[in-house]
Amino acid sequence: LPERSTNLLGVRHIVLVLSGKGGVGKSTLSTELALALRHRGHRVGILDVDLCGPSIPRMLRVQDRAVHQCDSGWVPVFVGQDRAIALMSIGFLLEQPDDAVVWRGPKKNALIKQFVTDVAWGDLDFLIVDTPPGTSDEHISTVEALRPYRLLGAILVTTPQ
Amino acid sequence: QPSLQPSLCLAECPGTGSAQAGSAAACQGCPNQGLCAAGAAGPDPAEAAELRARLRAVQHTVLVLSGKGGVGKSTFSAALAHGLAADEHKQVALLDIDICGPSIPKMMGLEGEQVHQSGSGWSPVYVEENIGVMSVGFLLSSPDDAVIWRGPKKNGLIKQFLRDVDWGEIDYLIVDTPPGTSDEHLSIVQYLSASHVDGAVIVTTPQEISLQDVRKEINFCHKVKLPIIGVVENMSGFVCPKCKKESQIFPPTTGGAEKMCQNLNVSLLGKVPLDPQIGRSCDRGQSFLSEAPDSPAALSYRNIIQSKAENHCALSVLSTAAIY
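Chains as they are written, first to last, in our numbering: chain A, 355 to 515; chain B, 935 to 1258.
Bear in mind the hints are in silico, worked out from the structure with no lab data behind them.
Accuracy of the hints is not assured; some may be wrong.
Said to hold, decoys possible - Pairs of lysine-lysine, DSSO-like flavour, derived with a Cα cap of 30 Å:
| no. | chain 1 | residue 1 | chain 2 | residue 2 |
| --- | --- | --- | --- | --- |
| 1 | B | K1040 | A | K467 |
| 2 | B | K1093 | B | K1176 |
| 3 | A | K467 | B | K1157 |
| 4 | B | K1193 | B | K1087 |
| 5 | B | K1093 | A | K467 |
Go ahead and model the full structure; you've got the sequences and the hints to work with.
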């Protein structure tokens, strides 16, 4: 099993949002779920592991923010005046918003492992993990990296067709 | 401290087959670095020659890309294949390299078909006499089997699709791709460098959330020197069949594909409205252009194929598909 990092020890529940199919509303649901949970008074984080098409920053209107490092790792971007939603996405690491992340699997896997273990989430009630379409590197790596933690389960999103 | 510093993060993988594999700045921290540096993943000249030989018989190649998922790449690829194959004298190949979510078999009415092997290689599955199709969908024992593969295994199958399939002499090779800018996209461009690629058609919907990903795809094309034939905007408005009023289901809050194409100096090939008949045809494996030839969406498709043909020689590929 991968080593447990301390950064996820304060996270009570982890939920994956999956589909298989693209464009069905995974990121939309992840965002709305986070906002709804925050509205109920929970502390929420969103981990966006869609490295090629990160949509969450724009959906929460924080696409112009940057991430910083601290002793425990990377500091997530906090959304809103109450800072009640924490977000990590590759979108924050791009020099230009239209830069393509043209990476093969091994490099994607390395970053996803870091996103799981090296983000200083603090105490969260829920960590929602938004994923890209498919059943490939990102999905395998995310599930493997999350195995030591309290993985609640997955919500699957589809459209009627 | 995380080992991947943000500044180094975005440096690009040079490609496992590149001369710089393992030694470029971007390779620092990559788990594959050792393998690449040892030349284990280097280009095999014999393999390259094999690909060149197979692809010699292909006249025109069009990649259908997006960056964003669910915008209609497979739908467009299928329509383009039917359009080009309307001329019985033309041989069309439709290659589906979406390994995790292969939609083409269902859209072409070929679910349940299997691939057969002969002395000359794998046989494509034929829809009409002149449309041959290949997809991982034909290799699954059950349609719900998940293909849970990492990049290198996907790349291997894509190479096989190009090297081991007995396509024969082809006038048009259409390649349908999954969303993103990753292994499948890098590999197909790399393997097709043995042949001539006319260019890419990039598909989007009008929303900024889609355009955001599509701009990245356009940058990907520039980076790998893939010509862009143009952009198609799907789900562009909806006309109610009862009251005929038009609604914007996915409002173009930042100007839609039109504004993006102006800003990035790429051609807008056209806009296709949202039409429930398209989804229905796809689910039923029927050609939408044959099933609903007079619908607004079908007219848009035909206009797209006809437009700008005189301005871009690669578009003559698309103009011949306007035979309906």
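A quick look at each hint next to the structure:
{"no.": "1", "hint": "B/K1040 with A/K467", "in the structure": "violated, 35 Å"}
{"no.": "2", "hint": "B/K1093 with B/K1176", "in the structure": "violated, 49 Å"}
{"no.": "3", "hint": "A/K467 with B/K1157", "in the structure": "holds, 27 Å"}
{"no.": "4", "hint": "B/K1193 with B/K1087", "in the structure": "violated, 39 Å"}
{"no.": "5", "hint": "B/K1093 with A/K467", "in the structure": "holds, 28 Å"}
Checked against the numbered hints given earlier, this structure breaks hints 1, 2, 4; the rest are met.
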